[in-house]
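With these hints in hand, go ahead and build the complete structure from the sequences.
So the sequences go chain by chain: X and P.
Residues in the first sequence are numbered consecutively from 1, following the working numbering.
Residues in the second sequence are numbered consecutively from 274, following the working numbering.
What the hints contain is simulated information worked out from the structure, not anything from laboratory work.
One or more of the hints may lead you astray.
The calculated lysine-lysine pairs, modelled on BS3-like cross-linking and capped at a C-alpha distance of 30 angstroms, are [unchecked claim]: (1) P:343 x X:92; (2) X:120 x X:102; (3) X:92 x P:358; (4) P:343 x X:25; (5) P:343 x P:358; (6) P:319 x P:281; (7) X:102 x X:87; (8) X:87 x X:120; (9) X:97 x X:120; (10) X:102 x X:249; (11) P:358 x P:281; (12) X:87 x P:343; (13) X:87 x X:25; (14) X:120 x P:343; (15) P:281 x X:89; (16) P:319 x X:89; (17) P:358 x X:120; (18) X:102 x X:156; (19) X:120 x P:281; (20) P:281 x X:97; (21) P:343 x X:89; (22) X:87 x P:319; (23) X:87 x P:281.
On the chain P side, residues computed to face chain X include the following (Cβ under 8 angstroms) [what the hints assert, rightly or not]: (24) 281; (25) 335; (26) 354.
Note that this is a predicted model, so its numbers are computed, not measured.
Yeah, the Cβ is synthetic: ideal placement off N, Cα and C, and Gly gets one too.
Each chain is listed here by its residues.
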Amino acid sequence: MPLVYCGACSHGPGITGRADRAEPKVRDALHTALRRMGDDIRATRPDALVVVAAEHFANFFMNNMPAFAIGMADGYEGPIEDEAFLKIKRAKVPGNKALSKKLIEGVMQTVDVAYAEEWKFDHGISVPLHFLTPNYDLPIIPANINCQGPPLTPLKRAWAFGEALRAAADALPERIALVATGGISHWPATPDSGKINEAWDREFLARWAANDRDALLSYTDAEIYRDGGQGGFEIRTFIAAAAAAKGAKGKIEFCEPIPIFSVSCTVARMAVS
Amino acid sequence: MSLYQVQKLIYELNRDPRTQARYESERDAVLDEYELTAEERAALVKPDIGLLYVLGVNGQLLMHFAALHKIEWTDYLERMRQGVKTHGPVREGVYAMTGYAGVDAKGKR
Numbered sequence: 001m002p003l004v005y006c007g008a009c010s011h012g013p014g015i016t017g018r019a020d021r022a023e024p025k026v027r028d029a030l031h032t033a034l035r036r037m038g039d040d041i042r043a044t045r046p047d048a049l050v051v052v053a054a055e056h057f058a059n060f061f062m063n064n065m066p067a068f069a070i071g072m073a074d075g076y077e078g079p080i081e082d083e084a085f086l087k088i089k090r091a092k093v094p095g096n097k098a099l100s101k102k103l104i105e106g107v108m109q110t111v112d113v114a115y116a117e118e119w120k121f122d123h124g125i126s127v128p129l130h131f132l133t134p135n136y137d138l139p140i141i142p143a144n145i146n147c148q149g150p151p152l153t154p155l156k157r158a159w160a161f162g163e164a165l166r167a168a169a170d171a172l173p174e175r176i177a178l179v180a181t182g183g184i185s186h187w188p189a190t191p192d193s194g195k196i197n198e199a200w201d202r203e204f205l206a207r208w209a210a211n212d213r214d215a216l217l218s219y220t221d222a223e224i225y226r227d228g229g230q231g232g233f234e235i236r237t238f239i240a241a242a243a244a245a246k247g248a249k250g251k252i253e254f255c256e257p258i259p260i261f262s263v264s265c266t267v268a269r270m271a272v273s
Numbered sequence: 274m275s276l277y278q279v280q281k282l283i284y285e286l287n288r289d290p291r292t293q294a295r296y297e298s299e300r301d302a303v304l305d306e307y308e309l310t311a312e313e314r315a316a317l318v319k320p321d322i323g324l325l326y327v328l329g330v331n332g333q334l335l336m337h338f339a340a341l342h343k344i345e346w347t348d349y350l351e352r353m354r355q356g357v358k359t360h361g362p363v364r365e366g367v368y369a370m371t372g373y374a375g376v377d378a379k380g381k382r
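Dropping the structure here:
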């Protein structure tokens with residue numbers, strides 16, 4: 001049946017790991033917005049949540065880097081990060097292998113996706129889940145777009161991946177929710193960490209909310225790197241979510257630049273249902 | 274320069290508790306499995322976060338590697354800044370891709 005939820009949110013490790021160092025008011029507002037996103041997802045009664053993330057070398061390396069991957073297991077584990085660093089306890093997270101397999105078979109009709117029967121979550125998935133499904137009681141289907149190791153997945157292919165996910169989900173009887181996670185402009189884990197190009201972020205989010213395919217795909221990687229930093233490459237996940245929304249418009253439910261979290265912290269939803 | 278090998282070692286270390294245990298108990302044996310220059314090997318062992326950054330290690334690998342060594346966040350950022358001051362701009366990898374200077378750190382961290 002049609003996708004029951006489609007949204008996007010930030011996943012920066014500082015959101016949990018450095019929470020005590022942020023200005024409390026804006027931090028609490030962000031955490032509340034993320035928890036509300038979890039409530040909204042649950043309200044759609046999903047059978048599984050597809051998390052389209054930009055992972056950070058937890059599973060995929062330059063020895064065999066897939067442009068796209070989807071997990072196909074009954075369970076996952078994570079985060080890989082030092083627990084004191086991320087302030088999230090390592091846990092088992094439920095998956096749904098049979099449902100993953102059906103979804104992958106659907107996606108494969110148009111996009112050559114890799115599948116993975118093992119998958120370790122890093123902050124790209126674990127930080128959002130900490131707020132969205134804190135009890136780890138909803139099966140997760142992890143998906144990844146290569147935003148880390150150049151050559152990167154082209155933006156137009158990220159769009160195609162989103163379309164393929166949507167077509168595959170729509171063809172299933174199960175109720176599928178989808179959340180993309182990533183940063184907009186940021187210079188994560190570098191000396192420039194904390195620098196944020198808020199104007200660029202707001203322009204990108206305006207294009208996202210309008211679901212303007214041509215505008216979303218008009219960026220070159222050189223422009224993204226110049227204006228949005230290396231972390232800006234993660235707009236691929238947002239672009240996939242926009243494509244999965246199949247023309248629906250979006251609403252930016254929360255967006256505030258929080259330097260200690262290294263990014264314009266965002267919660268956004270497409271009106272798919 | 275064998276950035277690929279340095280990053281591969283860090284990747285395996287970050288994600289695999291068994292490799293972490295081996296890195297504690299038989300570090301040289303783990304390091305021997307990778308084709309590292311003397312400079313790279315020394316930077317890993319110290320660990321010299323600033324030099325590893327300048328050698329081109331991706332921050333998403335280096336951040337986790339630093340956390341494994343219990344290097345605090347602000348200290349981690351400072352070590353990279355000092356690394357650039359000491360060793361010059363990033364030599365290879367994603368941050369060297371379009372002339373990234375790597376020293377444009379402004380505002381509150």
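Here is what the structure says about each hint:
1. Only pairs whose Cα atoms come within 30 angstroms are accepted, and residue 343 of chain P paired with residue 92 of chain X is accepted, the gap being roughly 24 angstroms.
2. With a C-alpha separation of about 21 angstroms, the suggested pair residue 120 of chain X and residue 102 of chain X falls inside the 30 angstroms cut-off, and the hint holds.
3. Simply put, residue 92 of chain X and residue 358 of chain P have alpha-carbon atoms about 42 angstroms apart, too far for the 30 angstroms limit, and the pair is violated.
4. This hinted pair checks out: residue 343 of chain P and residue 25 of chain X have alpha carbons roughly 29 angstroms apart, not beyond 30 angstroms.
5. With a CA separation close to 23 angstroms, the supplied pair residue 343 of chain P and residue 358 of chain P stays within the 30 angstroms bound.
6. With a C-alpha separation of about 18 angstroms, the suggested pairing of residue 319 of chain P with residue 281 of chain P holds against the 30 angstroms cut-off.
7. Only pairs whose Cα atoms come within 30 angstroms are accepted, and residue 102 of chain X paired with residue 87 of chain X is rejected, the gap being roughly 34 angstroms.
8. Using a Cα cut-off of 30 angstroms, the hinted pair residue 87 of chain X and residue 120 of chain X holds, with the two alpha carbons roughly 17 angstroms apart.
9. For the proposed pair residue 97 of chain X and residue 120 of chain X, the alpha carbon gap of about 15 angstroms is at most 30 angstroms, so the pair holds.
10. A hinted pair counts as satisfied when its Cα atoms are at most 30 angstroms apart, and residue 102 of chain X with residue 249 of chain X qualifies at roughly 27 angstroms.
11. Restraint check: the Cα-Cα separation between residue 358 of chain P and residue 281 of chain P comes to about 26 angstroms, which is no more than 30 angstroms; the hinted pair holds.
12. As the CA atoms of residue 87 of chain X and residue 343 of chain P are separated by approximately 13 angstroms, the hinted pair is consistent with the 30 angstroms bound.
13. A threshold of 30 angstroms between alpha carbons decides the hint, and for residue 87 of chain X with residue 25 of chain X the separation of about 20 angstroms falls inside it, so the pair holds.
14. As the CA atoms of residue 120 of chain X and residue 343 of chain P are separated by approximately 21 angstroms, the hinted pair is consistent with the 30 angstroms bound.
15. Between residue 281 of chain P and residue 89 of chain X, the direct Cα distance comes to roughly 25 angstroms. Compliance with the 30 angstroms bound is thereby established for this hinted pair.
16. Between the alpha carbons of residue 319 of chain P and residue 89 of chain X the distance comes to roughly 28 angstroms, so the proposed pair stays at or under 30 angstroms and holds.
17. With a C-alpha separation of about 36 angstroms, the suggested pairing of residue 358 of chain P with residue 120 of chain X is violated against the 30 angstroms cut-off.
18. Taking the CA atoms of residue 102 of chain X and residue 156 of chain X, the gap is near 24 angstroms; set against the 30 angstroms cutoff, the hint holds.
19. Proposed proximity of residue 120 of chain X and residue 281 of chain P is supported: the alpha carbons are some 17 angstroms apart, at most 30 angstroms.
20. A hinted pair counts as satisfied when its Cα atoms are at most 30 angstroms apart, and residue 281 of chain P with residue 97 of chain X qualifies at roughly 29 angstroms.
21. As the CA atoms of residue 343 of chain P and residue 89 of chain X are separated by approximately 16 angstroms, the hinted pair is consistent with the 30 angstroms bound.
22. Between the alpha carbons of residue 87 of chain X and residue 319 of chain P the distance comes to roughly 26 angstroms, so the proposed pair stays at or under 30 angstroms and holds.
23. Among the hinted pairs, residue 87 of chain X with residue 281 of chain P is consistent with the structure: their alpha-carbon atoms are about 25 angstroms apart, no more than 30 angstroms.
24. For residue 281 of chain P, the interface hint holds, since its Cβ comes within 8 angstroms of a Cβ in chain X; the closest pair sits about 7 angstroms apart.
25. A hinted interface residue such as residue 335 of chain P counts as satisfied when its beta carbon comes closer than 8 angstroms to some beta carbon of chain X; here the least separation is about 6 angstroms, so the hint holds.
26. Interface restraint check for residue 354 of chain P: the shortest CB-CB distance to chain X comes to about 5 angstroms, inside 8 angstroms, so the restraint holds.
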